[in-house]
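Per our numbering, the first sequence starts with residue 1, numbered consecutively.
Read the hints as simulated data drawn from the structure, not as lab findings.
Note that the coordinates shown come from a computational prediction; the quantities given were computed from them, not determined experimentally.
Treat the hints with care, as some may be off.
When the alpha-carbon atoms are kept at most 25 Å apart in a straight line, the in silico PhoX-like pairs for lysine-lysine are as follows [unchecked claim]:
id: 1; residue 1: K540; residue 2: K457
id: 2; residue 1: K182; residue 2: K235
id: 3; residue 1: K119; residue 2: K182
id: 4; residue 1: K337; residue 2: K359
id: 5; residue 1: K374; residue 2: K340
id: 6; residue 1: K540; residue 2: K560
id: 7; residue 1: K182; residue 2: K228
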Amino acid sequence: MRISKLFGKTQREVPAEAETTSHQLLLRAGMIHQVAAGVYAYLPLGWRVLNKLAAIIRNEMDRAGGQELIMPVLQPLELWQETGRDKAFGKGLFTLSDRRERQLALGPTHEEVVTELVKYNVQSYRDLPLLLYQIQNKFRDEPRPRGGLIRVREFLMKDLYSFDTDEAGLDASYQKMLQAYKNIFDRCGLPTILVEADSGAIGGKESHEFMTIAESGEDEIIYCEKCKYAANVEKAECAKEKLEAEEPLPREEVATPGAGTIEEVADFLKIPPSHTLKAVFYIADGKMVFVVIRGDIGVNEVKLQNALGCVELRLATEDEIIKAGIVAGAASPIGIKGIKVIADNSITSGANFVAGANKPETHLKNVNYPRDFKATLVTDIAQARAGDRCPKCGGKLASTRGIEVGHVFKLGTFISQKLGALFIDQNGASHPRVMGCYGIGLDRLLAAAIELNHDDKGIIWPVSIAPYQVYLCPLYKENSKAEDVAEKVYAELEAEGIEVLFDDRRESPGVKFNDADLLGIPLRVTVSPRTLEKNSAEIKKRSEKEAQLVPLEGIAIKLKELISQGLSRLSNSV
RNA sequence: CGGGGCGUAGCGCAGUCUGGUUAGCGCGCAGCGUUCGGGACGCUGAGGUCGGAGGUUCAAAUCCUCUCGCCCCGACCA
1 MRISKLFGKT
11 QREVPAEAET
21 TSHQLLLRAG
31 MIHQVAAGVY
41 AYLPLGWRVL
51 NKLAAIIRNE
61 MDRAGGQELI
71 MPVLQPLELW
81 QETGRDKAFG
91 KGLFTLSDRR
101 ERQLALGPTH
111 EEVVTELVKY
121 NVQSYRDLPL
131 LLYQIQNKFR
141 DEPRPRGGLI
151 RVREFLMKDL
161 YSFDTDEAGL
171 DASYQKMLQA
181 YKNIFDRCGL
191 PTILVEADSG
201 AIGGKESHEF
211 MTIAESGEDE
221 IIYCEKCKYA
231 ANVEKAECAK
241 EKLEAEEPLP
251 REEVATPGAG
261 TIEEVADFLK
271 IPPSHTLKAV
281 FYIADGKMVF
291 VVIRGDIGVN
301 EVKLQNALGC
311 VELRLATEDE
321 IIKAGIVAGA
331 ASPIGIKGIK
341 VIADNSITSG
351 ANFVAGANKP
361 ETHLKNVNYP
371 RDFKATLVTD
381 IAQARAGDRC
391 PKCGGKLAST
401 RGIEVGHVFK
411 LGTFISQKLG
421 ALFIDQNGAS
431 HPRVMGCYGI
441 GLDRLLAAAI
451 ELNHDDKGII
461 WPVSIAPYQV
471 YLCPLYKENS
481 KAEDVAEKVY
491 AELEAEGIEV
501 LFDDRRESPG
511 VKFNDADLLG
521 IPLRVTVSPR
531 TLEKNSAEIK
541 KRSEKEAQLV
551 PLEGIAIKLK
561 ELISQGLSRL
571 SNSV
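Using the sequences and the hints, build the whole thing.
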């Protein structure tokens, strides 16, 4: 490709709207263009990268036994209502109606459609396991798109769905996908870690995310410094400090003037926060919920939402709390009627806690569970934090930010049950198919690749996903043959199947070198009067400072060698 | 949805507080000439419903009302 003809120009200045590095570089390199909030067009260079990612993903999906197909973006809303996931997705689902007033949704994912599809094509255990995938645009009306391609409303996703006869089969499919994903991210030059995750609106029981560590990421990862434990903060567990068992004492009212928060109460009574019980109020699908947790621990709202099985969850307002007859700042789980009480399992160790008395500026000492109050449900709803202890090995937990580039789910049978997607086993008995689903957001993957591969000059593409492999750069000087020679080199490299971006502009060297760096093409070949004196050209790797002079004769072979070296380094682990 | 910020040429900005000729600057773009190993220079030129609507005024980019869009933080979110 000749740069003089390339659609999309580089920009010297950083567009004001971009704050994230990948966003800035993508715009400056002329790879994307914003059309609306969270909606982007890809220009030729960006599109080439996206296609390279797609090719790697296809290759690994096929190797893992996947079959590619394509399903519609437009889906009947009815299908979503059948599984109830229209509610789980809520406003995130783009909906529209057709001319006959039929309700449709733009697909945010395809479990329903693929399950229907498989239902009509596979009835026997003989046809399982089955792995089907597509690479297709998804639509999600995100409340807040951000960071350029990090979170968008229309995006390209690879989604694969596995169908098995039983749990063991699902485990095997899941393992295959974990390996395939690892291969994909390795080949894209992207170090990732696998973390335990919540399954959110997709549903299901077990789920993992592939995260790249990056400050610009939206997710917080909790990991153990000692063992391999790592989890999204939404899911992360921590070992809760066990309190000493004490003999339960009789309850006792104590005045706590001016003390409302846990810190104030603990300070006032000169006890550690872990000896208090914290009350937090939520509205879950319109109903008030009373949450009790040890004073030193925060509530994890994702865990709480899962425990409640509700769709909408928010903190209650002060008005709502007062209306429920509760004294804010001194709320008590004792004597609560008509309100669901959810307790974190941290309250089951230790004894004689301080809790509210439901009287202004008054608390109760020696509150004991379950002697003094009942909870509808006692489970883990605690927010793990850096500094807590690891639930697996007791080591210290740390925290970092990450970008979620892949997410895999063990769905189980809830969708196939709802949609009646059954198969017949060897004995002629019907069972629901056991499903898994596996997604990679390509746009985000592209953004993450830049977040992890750049310097102050621009992008540094790994060879495997670079839009072009070689940047051919003749330097102009009067009476020099550099341009003519470069034309010949260009023709030769193209003939050899090397992907060349030919900077045929009569720009000054600085402009060309800076653009080459910004675009991040892995290999730069300079042809100039200086190199021609030695009948050579200069090759410089984008990732390295030093350049080397190589004879023009056989330069294509030399470049091919460097390209395949770069590729093999990325696929070492395969 | 709550908080903050911003909409003036393709990009980055000034001008708005305090209303007053033809709305400026830099980059980029077009033409001509000189240059050519890390964002060269000179001259000439094109390019603007000042986000939109309504209002106040002799007069609005500037003041008022409404509205649309974009970014950031939070809520939220595979």
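Okay, the hints, checked on the actual structure:
Simply put, K540 and K457 have alpha-carbon atoms about 15 Å apart, close enough for the 25 Å limit, and the pair holds. A C-alpha spacing of about 21 Å is found between K182 and K235, which places the hinted pair at or below 25 Å, so the restraint holds. Annotation: proposed proximity of K119 to K182 is violated, straight-line Cα distance about 30 Å (limit 25 Å). Distance hint between K337 and K359 is fulfilled; the C-alpha atoms sit about 16 Å from each other, no more than 25 Å.
Restraint check for K374 and K340: the C-alpha separation of about 10 Å stays at or below 25 Å, so the hint holds. Only pairs whose Cα atoms come within 25 Å are accepted, and K540 paired with K560 is accepted, the gap being roughly 14 Å. Under the criterion of a C-alpha separation no larger than 25 Å, the hint pairing K182 with K228 is consistent with the structure, at around 16 Å.
Checked against the numbered hints above, the structure breaks only hint 3 and satisfies the rest.
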